[in-house]
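Chains A and B, in that order, give the protein sequences.
Throughout the first sequence, residue numbering follows this note's numbering, covering 1 to 430 in sequence.
Throughout the second sequence, residue numbering follows this note's numbering, covering 1 to 412 in sequence.
Quick caveat, the hints were computed from the structure, so don't treat them as lab data.
Each residue gets a CB set at the ideal place from its N, CA and C atoms; glycine is no exception.
Accuracy of the hints is not assured; some may be wrong.
Stated by the list, open to error - 30 Å max Cα-Cα, derived BS3-like pairs, lysine-lysine:
(1) A:276 to B:321
(2) B:393 to B:331
(3) A:280 to B:393
(4) B:125 to B:159
(5) B:46 to B:261
(6) A:253 to B:393
(7) A:280 to B:321
(8) A:410 to B:356
(9) A:280 to B:328
(10) B:336 to A:253
(11) A:227 to A:359
(12) B:46 to A:280
(13) B:130 to B:117
(14) B:89 to B:132
(15) B:130 to B:190
To be verified - Computed list of chain B residues with no C-beta within reach of chain A, every gap over 10 Å:
(16) 152
(17) 187
(18) 318
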Amino acid sequence: MKALMFGWEFPPHISGGLGTACYGLTKALLKADVEILFVVPRMFGDEEPGNIRLISASEVTVDVRDEVYKSHENKISIMEIDSTLLPYSTEEEYFHLVEQIESGTRLEQLNLHARKFKFMGGYGKNLMEEVRRYAIVASNIARDNTFDIIHAHDWLTYLAGIEARKVSGKPLVVHMHATEFDRSGDNINQLVYTIEKAGMEAADMVIAVSHLTRNVVINRYGIDPEKVITVHNGVEPPRDSISFNIKRHVDEKIVTFLGRITYQKGPEYFIEAAYKVLQKDPDVRFVMAGSGDLLPGMIRRVAKLGMATRFHFTGFLKGDDVDRMFGLSDVYVMPSVSEPFGISPLEAMRSSVPVIISKQSGVAEVLNHALKVDYWDVDAIADAIYGVLHYPSMHAMFRNYGKAEVENIKWDQAGMKVKNIYKRMMQARS
Amino acid sequence: MKSICFYFQVHQPYRLSSYRFFDIGAHDHYFDEYANRYIMQQVAEKCYLPANEVLLGLIKKHGEAFKVSFSISGLALEQFEQYAPKVLKSFQKLAETGNVEFLAETWAHSLAALKSKREFSEQVKMHVQKIKSLFGQKPVTFRNTELVYSNDIGNMVYKLGFDTMLTEGAKHILGWKSPNLMYCSAANPKLKLLLKNFQLSDDIAFRFSERAWNEWPLTAEKFVSWIEKTNPKDEVINLFMDYETFGEHQWAETGIFEFLKSFPALAIEKSGMHFKTPSELSEELQPVAQLNVPYPISWADEERDLTAWLGNEMQDEAFNKLYDIESKIRKIKDDKMIRQWRYLQASDHFYYMCTKWFSDGDVHKYFNPYSSPYDAFINYMNILSDLVIRVNKQATRKPAKRAGTRKTDVPA
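Start from the sequences and build out the full structure, keeping to the hints where you can.
Quick look at the structure:
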């Protein structure tokens, strides 16, 4: 069994859960004897694909006489979009933007009819253009390779999935790691929504990362419930680096928020809860790690509440710094307004850190040993923080059961489920 | 001829308010007055009143052949008085028939037997007093909270003046022995033990409306035939269950009240069996063997041990901290405080903190008002923290007053 997968990120070049999830799932599928051909817009050279066959879309030659090329290239000129519509906003993005200005997006002329596209990857200003070009390349890749299934991760790759399905006639599964409603609340980008909907309608099966997401897919995109299946994400076993000793330089307990500082993640609820806790117990420090469009507002709010000596901002963290942050934390809080899944609480629990998660997160569906609150219920968040910090047995509970629970949420199970979905789709075809 | 012994447990805890950490030190409104009133009145309408009526009818119809026993926790009795005096009256009416035995238990439906001998005996005495004043009879049979029993507990109970006690017919204690006979305590052979037949009891209490059960629907004929099929040497079938089974756990629509009427009628009229009280059986039957129970047993879950209430880190912390303040709270002699402390001893609060139901036991989920044991624990600990602060404040205040020398050393 061989799957052609379209992704947008691959470790270590990730900006959030998408790349991590693709990586975990892909590895699990390989273990389950599924061959994977994984396409990313571009490779940076330092990817660690292991046994995964990575294809860089930037290295694929496209024939300009191709119908697919013509149909999409014509549209590309009108696909330029305003930067405020960008679905993601991270430092990674900033990095790519700078790079883009330096090198410029250009088409490489090879001979009269053959072209290569230079993809930036990431989530730059020309995102929509890249999404279209990615679809053109996808159609070429699909024609030149043999496979049984097409699997596209998130809307960025859905047009690619649709094109690949057209040329190959193979069944398509699209994977909803997040919906436009998760990213933008009710002020959705209509174009993104349209692509998501088109992808799911064209797909033979839709995988949702939680029941929460499945419901959104059914209710807000009108997708036939029959073809939407929930496959919860897993979590990678800890890297060895976690075991290194982390020195604390402050005596106070540390409460951590770690994630993009955007509407979706509910950072303001964390701040209000912190204020309540500090009024009762000044011996606590709060850390907000991450960056995003709401960051300046959050800093102002903290200053206004007069707790800046107890509330710290770290900026964007990645790699070892994330592990180190967890190592320093006594509680991890994820007050997400809308979280299709949410892998970071699992990473915290893996480091034996108790977690407080919003009931509006997909991960709440798979966790027992976590405190679950409504994201808007600041009193409940504050109460949970206080409880974990003051009642010693809670730490013991999380140490003894939380870690074990997380270690049982394996990608292998997700991989088996996805493989079964592949099987069903192939059987339906034959 | 075999006898049947019905014992119904009647209990309602005082449910806790949602009490946040910023309430600690601010106020002592620990109990949710609204919820307690509402639940009591609901259960009264759905269960206590209609079930009592059925039993009264059975007693009138069958006379001496139909007797039952109740254990009503002090917390439930107090809530009847506060929120549902009609229910109390209907139990008193049952008491007047002379066919009802009221058992003794801990006043607060507590697990004090496992922690404090003194508190345990005080609560038992309080409860006995309460039963006497309400129903005009002095309890002679004891049943401990959740049927918790061990050799040590048996000793305490005997010393408090009871010669019969009810407990679970736990398989790991009985082995090949039948629960349908009279036993006695190995540590104190003068204490007789009546054991719950959990198979038949749970057929009614848990499985009655379970459509997936291959014996569903359970009819009086079927149930009587099962009793008849037990070993001819068996003497008594002990059907012990929560009274809330009738109309609450098993809704009226399932036909549970019809069963409650038809089963005794059939057993008495067709099979000639009699329904007896524990104290009658205690006089009538001789123990066939001693039971050695070094570690406490209970009537809960597959394990029939204490793990529904104690054993995980949170339950143990809460339980230990609750009893840590016992000696201080006694010295203070503040009636309200000691009452609050006792309300907090109800086994229910520890049950809500149980994490076992993550893997098994839908039963736990059904009875749990909290969405998770962690929520239950945090709320309980917030309340207990406040009580501890108040107790400590009072405890340091008293001696200062008595000394009467310094006037300004009391913190505000």
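Here is how each hint holds up against the structure:
no.: 1; hint: A:276 to B:321; in the structure: 26 Å, holds
no.: 2; hint: B:393 to B:331; in the structure: 12 Å, holds
no.: 3; hint: A:280 to B:393; in the structure: 19 Å, holds
no.: 4; hint: B:125 to B:159; in the structure: 12 Å, holds
no.: 5; hint: B:46 to B:261; in the structure: 16 Å, holds
no.: 6; hint: A:253 to B:393; in the structure: 27 Å, holds
no.: 7; hint: A:280 to B:321; in the structure: 21 Å, holds
no.: 8; hint: A:410 to B:356; in the structure: 22 Å, holds
no.: 9; hint: A:280 to B:328; in the structure: 26 Å, holds
no.: 10; hint: B:336 to A:253; in the structure: 36 Å, violated
no.: 11; hint: A:227 to A:359; in the structure: 25 Å, holds
no.: 12; hint: B:46 to A:280; in the structure: 44 Å, violated
no.: 13; hint: B:130 to B:117; in the structure: 20 Å, holds
no.: 14; hint: B:89 to B:132; in the structure: 15 Å, holds
no.: 15; hint: B:130 to B:190; in the structure: 26 Å, holds
no.: 16; hint: 152; in the structure: 26 Å, holds
no.: 17; hint: 187; in the structure: 33 Å, holds
no.: 18; hint: 318; in the structure: 8 Å, violated
Taken one by one, the earlier hints fail for this structure at numbers 10, 12, 18, listed in ascending order.
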